[in-house]
Structures are given as structure tokens and as C-alpha cells.
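Asks: Going line by line, the protein sequences match chains W, P, U and L. Residue numbering for the first sequence follows full-length UniProt numbering, starting at 1 and increasing by one per position. Residue numbering for the second sequence follows full-length UniProt numbering, starting at 1 and increasing by one per position. Residue numbering for the third sequence follows full-length UniProt numbering, starting at 1 and increasing by one per position. Residue numbering for the fourth sequence follows full-length UniProt numbering, starting at 1 and increasing by one per position.
It is possible that some hints are incorrect.
[Unchecked claim] Not the full set, but computed from the structure, chain P residues with beta-carbon under 8 Å of chain U: (1) 2; (2) 281; (3) 287; (4) 374.
If you're looking for bench data, these hints aren't it; they were derived computationally from the structure. Heads up, the beta-carbon is just placed ideally off N, CA and C, and yes, glycines get one too.
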Amino acid sequence: MNFSLTEEQQMLQDSAARFIGQNYSFERRQKDTSLAQGFDPELWRQIAELGWLSVPFSQQNGGFDGDATDLMVLMEQFGKGLVALPYLPTILLFGRLLDLAGINTSYSKLLGQVIEGNIQGSLAFMERQARYQLSDVKTEAVRSEQSFVITGEKALVLNGPNCDKLIVSARTSGGQYDEEGISLFLVDANASGLSRTDYRLMDGQTVANFYFDQVKVPTEQLIGQEGKGLMLLKRVIDQALLGTCAEALGLMHRLTDTTIEYSKVRKQFGVTIGSFQALQHRMVDMFTACEQTRSLLFRAVCSAASMETNEHQKNLHALKVLTGRNGKAVGNEAIQLHGGMGLTDELDVGHGVKRLMVINSLFGDADFHQQKMVIRSLEA
Amino acid sequence: MNFSLTEEQQMLQDSAARFIGQNYSFERRQKDTSLAQGFDPELWRQIAELGWLSVPFSQQNGGFDGDATDLMVLMEQFGKGLVALPYLPTILLFGRLLDLAGINTSYSKLLGQVIEGNIQGSLAFMERQARYQLSDVKTEAVRSEQSFVITGEKALVLNGPNCDKLIVSARTSGGQYDEEGISLFLVDANASGLSRTDYRLMDGQTVANFYFDQVKVPTEQLIGQEGKGLMLLKRVIDQALLGTCAEALGLMHRLTDTTIEYSKVRKQFGVTIGSFQALQHRMVDMFTACEQTRSLLFRAVCSAASMETNEHQKNLHALKVLTGRNGKAVGNEAIQLHGGMGLTDELDVGHGVKRLMVINSLFGDADFHQQKMVIRSLEA
Amino acid sequence: MDTHLSADDLKFRDDVRLFFTKASPERAQQLLKNPSTFKQGTLDWQKQLYEQGWVAPFWPTQYGGAGWSVTQSYIYERERVAANAPDVLPFGLKMVGPVIYTYGNEEQKQRFLPGILTGETWWCQGYSEAGSGSDLASLKTSASKDGDDYLVNGTKIWTTHAQHADWIFCLVRTDQSGKPQNGISFLLIDMKTPGITVSPIHSINGVHSLNEVHFDNVRVPQANRIGEEGKGWTYAKSLLAHERTAIARVADSMRRLEKLRQLASRETQGRSVMIDDPVFHARFTNIEVELMALEYMELRVLAAVANNQNPGAESSLMKIKGSEIQQSLHELTIELAGVYGAMETTESATAADIGHDFGNQARQDFMYGRAATIYGGSNEIQKNIIAKHILGL
Amino acid sequence: MDTHLSADDLKFRDDVRLFFTKASPERAQQLLKNPSTFKQGTLDWQKQLYEQGWVAPFWPTQYGGAGWSVTQSYIYERERVAANAPDVLPFGLKMVGPVIYTYGNEEQKQRFLPGILTGETWWCQGYSEAGSGSDLASLKTSASKDGDDYLVNGTKIWTTHAQHADWIFCLVRTDQSGKPQNGISFLLIDMKTPGITVSPIHSINGVHSLNEVHFDNVRVPQANRIGEEGKGWTYAKSLLAHERTAIARVADSMRRLEKLRQLASRETQGRSVMIDDPVFHARFTNIEVELMALEYMELRVLAAVANNQNPGAESSLMKIKGSEIQQSLHELTIELAGVYGAMETTESATAADIGHDFGNQARQDFMYGRAATIYGGSNEIQKNIIAKHILGL
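Chain W extracted, bound-state conformation (with noise of 0.2 Å):
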């Protein structure tokens, strides 16, 4: 029983504390963001060059392989330090997508360029009309000789106009509900009959959505096999999942600790308003939500090992549930207690709580994954 780090995992939490702490005030986040991109794509490369990017990755595909406590230790210093990079969209859904799809001199050579900083990547795999459900697929693609075609609308591309190549999932074969039938294509970008529709997120991201109109993609570009694709995509999300609920907890920490420190400083009534028993108290439930949400976050990293396991699948659904319901919670007291001043732009506390907000929406907010977990309870 074990919850330290290695020495290696220490310096690289040390090493991404330090980095963000000096290269990345809430100003420039500021900056960055408004950025075209969403992201200062210089600061890419800094990463990069660091050797994030290849973090989650196999070595054979070039990667550090990092096991799910490396990357909880990288995407935790992410949400504390409140940064705006497409590390999710690039690295954990396209990158990975492509890492776990099995051994593939092209697909290898593809990630060397990812984890080298070069392409950025987009995973499609949201409609309309499905909500969270990933099997929900209207999108078709249709074989015809040497590709396939693909007709449909994939909604809500995380980093979709600034990605070089994404992966969208397209139904080959049965019903719009169907888990089998559902197949992954890798598409360039610039693909004639791809349009898209751009725009951003709360958090300041951009995103799009892809018009697919007979978009021909060369059959060696269906991702593992064919029909089969819902596997390969739940395994991506379920890691990417967890990723972003570290994230999420960095940030609850950051908003915790923010309020802590201007409660010590707020003035009202002549004392601070740190000195309210009322307001203590309920920083101490801030404190706990976040401390509570660390140890279901530990209890599925614990669990990481062995994916598919019923054990990993709920402890994944409850972590998924727990740091939806406590961000939440953290977000709107932080706001509260900042007062007036927490609804501004100009401080870090609004931003925070929005991208957190993001994050409990991505793959599932919390009554989903309660269900989710209702429903595997019933059937173990």
C-alpha cells in the first residue's frame, strides 16, 4: 500500500509546478486565450520540448509511457495553473486514439510528429442528438472500392480548427443506437467536402463542428477494425476521463485556495471575512470536496492498471460523479464568498470555474455516470 510518487513522477510534478508557476500567470492565460488558436502555440513547443507530449505514449510509438499516476501528477499542475493548451484534444484523445490502435509504422510516425510538437489533432466523436452517449452514431461511412465515404455531422470538436488531422467516428454498419457497426477514420483536415463550423467554449477553446458531405477517405486510413471502433474509443475516453478529472482537481484546489487566501484579506464589517465561523465552515466543506475528490481519484488510478475491469469501470463512473458534483460545489461557494468581485472578468476565479464547468460536461457529467453505474451495479 503505496501513495507516494517515484522519484521519476516527483520531478516531473516538481518540474511542471515550477514551469507553469514562472512561464504562466493568470495574465498570460489572459493573453493566450485570445489568441486566434485559443493557445499560444510557442508555449507548445516549450511543453514539447520538455517531453509532455510524449507523457501518456508507448515507447515503441516514441512515448515516455506513463502510467495513469503520471499522467494524473502532469494534468493535476495543468488545472492548478489554470492553463489553456490542447493537451486533451491532441495528446490524450487523437494521440492516444492512435497509440492504442496497435503497431503501425504510419501511425508511429504520425505521433513522433505530435510528441515533437508539429501537428495538432481533434478526435470527432460527438453528435447532436446524442448527448453523452458515444454509440448514439448518425454519421455514415459507405464503402465504395478502395475508401470509404463519409455523410453525416460530428458536433463539438475539441481544438477542430486548429487540428492538421482528427479521427472521427462514422457508422459502417447497423442502427443509429448500435455498440457494433461503429468504425474510426483518420482525415486530413483540408479533406474536400469537409466544412466546419468554428467557435469557442467558456473556457476559451475552440472548438468546431465538421460538415461531412462525401468526404473519400483511402481504406488503410480505417483506425483498427472495422466496426469495432467503440471499443478502441471508450478506451481512450476512460483514460483521457481520468486525465481531466485530475485536471479538475487541480483546479478545485486552486479555487480553494484563492478563496482561503482573499477571505484572509477581505475586509467587511472591520474584520476579514475569514473570521466568519459561517464562511469557515463552509471553506472547510470546500477543503473537504477537494480532499475527498483526491482519494476517488487515487482509489481509479490504483485501478488503472487493469482498464476494463467492472472494478476500474466503477471507480471510474464514481470519479466522474464525485468531482462533477464537487466542482460544481467548489466553483459556485468560490464565487460566492469572492462576491461581486467573482463575477469579473479581470480575476482568475470566474475562468477557473468555467473551465471546470467544461470538464464536468466532457464524456459524461455526473447524473450520467450515476446511471452509468446504477445500471453495472444491476447487472453485476
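Starting from the known structure of chain W, fit chains P, U and L onto it as the hints suggest.
Replies: Relative to the frame of chain W, chains P, U and L by itself:
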């Protein structure tokens, strides 16, 4: 728009408050509930003389013809006084069912004795497996010549050990869960073939499980139409539900006031605990819970004139939901803020909480009524 | 005990309904949504109400009020919201107006009331300061006598629509000594006076409606002071209870709840829709039950007012519950929108382009709605008030 | 980062399991349930553990401890609860024992420790007083020197099982002057000493386990004082953190949760069972998720202890969450029982007669469980501790 009481109602409230205040201390309750019947028959005779037993009954049956407001006024005082009397089983359930069953001279005579306080009654409508579903009835009544023969078990019959007569719901046709086919019968407590197990609920009232082994009941003791008993049962219970919610509100007020008063005298760390802001805000929440419940009680009282309407039914569901939830919250906080003392039998707090819990479980708890509300709104 | 409406009240309700159907509030709402047309939309709408004689019904008749009963005002408000018609801006008609006709002198009434009714003068409120949020009485903006004038110095914050305002009503400190409440005076200040600068505050929902207003040796005639010097706090406070009851926004929440029900009946989840999801519907009814209670809590307060009782601390209770309900509605709505609840629409990416018609609004409402538990005296302050004044703690 | 058990630990787990299957804990539980056989059942069970050498594993080996690692103690506790085996009474083995071997003198160790291990001496705890609940240090029971003795006067309250006890360990005031904490001493008192009377306190769950213990000029040899005079507070406090972690009762809650799942899979609602009710199951998983987190919170604390770090204020956090979870389990269980959750069984009306096998227990657990957020330092006090010592407020 008017929420003030009529002169008559004001008089009823004042006299009830006065009589209970003068004659019913907590020590009196302790003494009364320790009696075999769980209450003091002498007190029952006294309130009969005060005319309180006649409040909800129609004039044609010698009643006071009171409306929902009258009932609310009286029941709230019972709650505030933590009064242990079988008003619910004998008057609101047994008596009112006869009262609503239509003009019938034998019922009128019976009700006359009820109003004089000479008869105790019960309504046997619960069964072990039914949870809160009135229509889930396994007890059977089979017609043979000039009588029905009843066989089965009715559980948790309020006032069962004390009742001279009881009304039982039994199935004359249909399957266990059917709404049709339920009939109501007036049965003598000493009818042959009828036996029971006596016990108590945590609020000190006596209850019994009744076992019907081929109990013969003459056909003229069938109440209302054969097979149509559920509707009558529902109407009686709807009204009883409103009355007990008023009692619950009285209890919530008592617990809240007691807690606030205690916090003004109980000292810790050299100051009264009522001076701690965290506790102040929680007592404010208790107070808010009372006011909120009162508002919904008024709402249900105002729509009670049109009982069968969707609106009133929805108001009743909502009232039971909120009374249940707020009652729990107020009860738990009352104990918590009293500390260890709140857990002793010698203080009234725990007894108020237990009575509140019994009421909240009767006729369906908060979750049950919330789901009824959902079903109703989906049908609408 | 009943909530029946008299025949006259029913007749009145029909008149109000008819008016709102004719007044085409949708158009007004459209103009108000867009910042560039917001001011025009506000003025147009106020003009319509003014011509109908309903712009300030709650004012005393001699100043242009409609002399409605409490019930009528209640009916009017319900119908207005049901018709999704905009409310008037409160700063002139609900805040400074009443102060002027209650505590102002004849000359001030003559001078200011007409412009408030017609909308000719746009008013904003100068109470809060960065240093004094919940502790309003600690405000520092000073007004020092200089001949027949005051010289005003300081900064007001959270000033809604100051960028459009012609006049601002301020609480200023005219006496540094003694109890903070006693040194405060109530001043009316022309926004065109030299030394006033307005700087925008951008909110986390991306909208600009709040401002900072800086006063640098701003010269204000003493004739613009309402009532006595040092009594400003009393004048301002006399309005707070009414404000709190209004902040509960019961009718508005009822409309939002219905809207949410419709959206959830449409939003798919696999083969079914969200309203059929038992857990979602349970959360929905949790709010519905609370709102059903609040609706009658408001009626109880109104009935009390009708009997000339003071709503007093009950209004704090309504403010707490009302704002909590508003926020749970915002929360459930944005969660219904899923990831779309995070989307930001633009000219080049409208709701239609993105294919989601309530996500952007849900986001803005949620974010802006966080203020509901903060402004008008934070909910924590309301709890302190109840603890002190009702529970005697 | 992992929670793997070593081969030795796995072996140890199997040994523990084997022991508990042999020890037939069901029989012990039966005896404990019935007040008339409670004492005998307690002693029998302790005897079995004593003979196995597991009655006080956490004690230092030289005093009879088992010298287990933190992980082993954890495994033991899990297996014990999984086997539904009773815990030992804490007063001797977990409270006064450690105080004696840590702060007592040789003679005291010789005299008292053996009886604690064998169960020959039944101990109870004399800390709380009516006037001092959360504010323990304000206790008034006095001990004044009289020759080689103290004369003890005062009343202790909430004394569990005092009616069975041979000895009581007390915090008493030996010095009225100065900081309240500094005037407190730790005394061991023979319950047979003249001047001691025990009066029962009946709890709202109808059970009698608590008592008041009155001291009227009770003569106690100074030799029965542990350590220095005036240091009693420090000795007692050194145990509290451990106590709080224990109060979390993680393993026990896990067993209750499983039990609740089984009951809900059996309790009917129309044609279906309660566990299939989505709202009920949502409430169930709310608790499950919290408990899954608490389980790892405990592991984190244990890991810290294993690395010789002090659990410190984290134990307050566990106490809060642990007690909240216990109470939500009690609440959901009693609500599952419906109206039967209010029933009281008797000899003449057993659970079997009434036809409901968990209602009576659910009621007792719910009522008794209300104490979980009160004793061991109320949750409000724990929050104060966290605010002060962790958040620096």
C-alpha cells in the same frame, strides 16, 4: 386573496392552544404514552366535550362541517403540543370514511358515538408487501349468501389495539395490484376469526397487525359500492394527509423554537451557542423550512375545496414531499444542536422527531409522492 | 382562507392580458437582447407603458401612479411575465423615484419625476464601492461642502448601465465622525458634470452591463441633496425590503421552469427524451416543489402588505429562496444542454449554425445568475438579518 | 502508487479469515444484542481474542501487542467487519490502556494492564460533563488533595456501560486557577469506592447504555493518578486523533451498504423491488460514491501513519465524512422500511410476529446513529479544527 382566519377559526385556534397549553405538558405526554392504550381516555372525553371530535364531520352526521382550514388549525396545535391522541385513526380515517360513504342512518348513529368519544375506530388499509401502494391488496373478501368472508392480513393498523370497530380494505375481484375490485367493510373488533398482534410505533402510539381467518361480515356492512372502495379510501387519505402535514408543521415549529431557545441559554467556551454564526445560519435554515412548509400547506388548503382536481392532487404531493424533506432536516438539526441531550428520552426533542418521522412515513414518504407527482405531470 | 380573485380583479386581468398581446413584447425583447439596440428598446417599451399609464402603477396617483391594489399589482406582474414582456428598469421608476416623492422637496419632485416617468432621464444607482459590499454603510465616497455645492470624490462600483445614464443617485459620506450610517447623504448627480468618468466592468458571461463610476472633485449643488444631510442611509434603506421581495422573481422562475420542461421534453437521450429520465425529472420536481412554496410565500407577504403589515424580515427569506431557485433552474438548464451549455455564439457562428438553440443562453443565464445570491444584500447577510431580527439570536 | 498487498499480507489475511470463521462471531453478536447477555457475550468474545493474542494487537509487543504493521491492522479490521465479528470495547483496550503504558509508572502498568487484556477489569470513561460537551476543558468535577488521597466531587455524563464497570478513568480538575486545560489530571477510580452512584440515561432508541456517574467525596489514592498532576488533558488528547479515525467506521459502513443493497433487492414496490427504483438507487449510489472515497481517504491516512507522519487534522475530516455516511445509511435503511421503520418489537411482538425483519433494527440504528455527529467532538468542532489548523483561518 386572503390568508387570515375567520373569527370562528381564530377561536378554535385560541381555545386549542389554551387548552393544550394548560393541560398538556411534556410530562403529561410521557405519562399518557406509558398507559396501555398509548393515550389517556379521560383526555379524549375532554376534547370530545370541547367539540373537537366533530370538527371534520358533515352536519348531516352531527359534525361541525369544518373545512380544510379548520382541520389545519386544530392539527397544527396537536403538533405544537406534541399531543398523543388517536385523532388520526378514529376521526380522520375511520370516522371520515363513514362520513364520506354517503347518507346512512346506521353510520350516522355510529358517528354520533364517535363524536361523543365513546367509540374508538381504525382503518386497516396497509399490507406487508404493499409499501405505500393503496391498491396493492391481497386480503380477500368472498361473497357467500348474505355475507362476505374475509381472509388475509392487514398490517400497521393505527389504534388497532384500542378500536371497537375497524374498516378494512379487501379484494372482492381483480388481481393483487388492480385499482378495481377493492371493497371496504365495517368489522367488529371482536368478530370471530379475527386475531391480532399488538405493538407500538416509536411515537408511542399503539398499532396492530390483524389476521382475518374466514371472518364473516354481513353484506350490509359493505361500505359504498362493491369493488369501488379505492376511490373512497383515496379521498379519506388525501384529507388525512393534509391534516397530518399540519400536525407535522406544528411539530417542526416546536422543534425549531425549542432549539432556538436552547441555543440562547446553552453555554460553551464561555458564550451561548446561539452566538455562533454557523449555528445561527443553520437555525435560520430550520426557520425557513417551517415557513416554506407553511406556504405549501396554505396552498393545499386553498385548493382543498376542489379535492379531485389535478391541481389539488399535485399540491398534496408537493406538500408531502416538502413536509417529509423539511421535517427530516428540522428534526436532525434539532437533535444535533441539542447535542447529547437531544438523544435522551427525558427531553421532548427526540419525541418530537420520532412523531415527525412517523407522520412522514404514513401515506407515502417524500420520494413516493415525488414520483406520483412526476407520473402526474407526465400524464398531463 | 382562499386565493380567489374578485370579478373586478378578473376583469382587470383580462385588460392587462389584452394590453400585452397588443404591445408585442417579443419585438421589445429582441431589441433588448442586442447591446447595440438595448437602449432604444428600453425607451420604446417604457414609452408604451407610459402612454398606457402603467409605467409606475405603484406610485401614488398624484405623481402618476395607477392606484392599484396589492392584488392588482400582483396580477399585472404575473401577466407581464407570462407574456414574456420586459420589466421596466428599476433605477428610476422603482428606486430613485420613490425616494424623491417620499423624501424630496416640491422643487425636486417637479424637476425629476416627469423625466423618470417618460424615460427621458436615464438613472443609475451609485451605492456600492469596492471596499463596501455587504457592509454598505462603510462607503467612502465623500462629499465636502464648498459654498452652495458639494465636492464629490470617490469611486462607485457595480453600476448597471452607467454607460447610458444621464443621472446617478448616490450615497455619499458628508460626515466622517460618528456611526458610519449617520454620516451618509443622498445626492442626485448629473452624469455630464465634469470630473465623472465611467469605466466598464466585463462580467464572466462576456456581457458588459456593469461599470465603475469615478468622481474626481465633482461639483454637485446642495440643492441636489434629498432630504436632510446625514439621513441618506435611512432614505435608501426604506426601499430595501421591497427590493428584496422583487429580487425573488417568482413569476420569472415559473416561466423558466415551464420553458425547461419543454426543452427537456425535446432533448434526446438515446431513444427517449430527458424529461422521461427519472433522475432528471426528480431534480426538476425538486425545484418545482420549492417554487410552488415560494409562490405562496409571496402571496402571504402580499396579503400582509395588503393588511398594511410590513413584509420586513420575511422579505429576506424570499430573497434567499428566490435566488436559490433561480440558480437551480440555471444549473439544471445548463446541464440539460450538456457540452453545448459551454458554447459561445458569434455572428459567424449563430445558434442555428451550431445547431443548438439554448446552450448559449443557458451559459449566460447561469453565469450572470451567480449574482442573484450576492446582490441586494448577499444571502449570508439575509441570514444574519433573519437570525437577528426574527430569531432574536 | 498502488494498493497491492504483499505475499505476507495475503497470507496474514487468510489466517485472520480462518480465525474468524472458527470463532463463530454470530453467536457473540447474538449475546451482545440482548441486554441481559451483553456483558457475558463481551467477555467471552474478548477471551477468544485474548487467547489468540489479538485482543490488543496495536499495543507495543512488550505489553502484549501483536506488533502488526499498519497494513496488517487494516487487513485485520476489514476481515473482522466482513465476518460481522464484534469489535472489542474501546474503553480499556483502546483508551485507558495506551494512556497507562505511555504515561503510567511501572507499578501502574503491572497492576492494570493485565486485567485490561484479559477483560477481568471492565473500564468506563469519565470525561464529559453536563456543562462541558464540545468544550471538554471546562469540566468541573474536582479532586482536592487530602493526605495521600484526592477527594473527588462532581458528575460525569454519557458514561457508556458504567453499570457494568469495575473501574473508571476520569479527567478531574485538580487546579482551579489558570488556563482550564492546565488544571486537569487523569485519575483511575475503583467503581466500588464509597460515594459513587450510577444512574441510567435512557436514549431515544429505548436502549440503556449511557449513564450519569456521581462522585460524592470519593476518596482516591494519589497513586491512582496517571503521570503529573495538571497534565491529564495532554494525556487524554494524545488519543483523540486515533479515536476520530476509528469513529469513521469505514468497514462497518461498507458492510451496511451491502446489507442495504440486499434488503432493497427484496423489498417490493408493486411488481418491482426498491433497488430497481431509479431514485432510490440514485440515493444509494450517492452514499456508495462517498464511501468509495472515504475508503481511500482512510488508506491515505494509514499510509501517512505508516510513514510515521501524524494523521492530525485529516482525522477530523474522516470523522465528519464517516459520521455523515453512517447517518445517510441509517436514513436510507429506515426509509426503505417505510412505516415499519417506526415499529418497536417486544417479547410478545417479535419481528417474526410483525412480519418485518429489519424495521426495528433500522429504527434503533437511526436513532442511536444521530450521536455519530455529536460524540468524539461534534462535527461542528471538527470543522473549527480544520478551519484553524489546516486552513489557517
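Asks: Compare the structure with each hint and give your call.
Replies: Hint check:
1. A least Cβ separation of about 6 Å between residue 2 of chain P and chain U falls short of the 8 Å threshold, and the interface hint therefore holds.
2. At its closest, the beta carbon of residue 281 of chain P sits 5 Å from a beta carbon of chain U; the interface hint therefore holds under the 8 Å criterion.
3. A least Cβ separation of about 6 Å between residue 287 of chain P and chain U falls short of the 8 Å threshold, and the interface hint therefore holds.
4. Annotation: residue 374 of chain P was flagged as interfacial toward chain U, and the flag holds, the nearest CB pair being 5 Å apart, inside 8 Å.
In the structure shown, no violation is registered for any of the earlier numbered hints.
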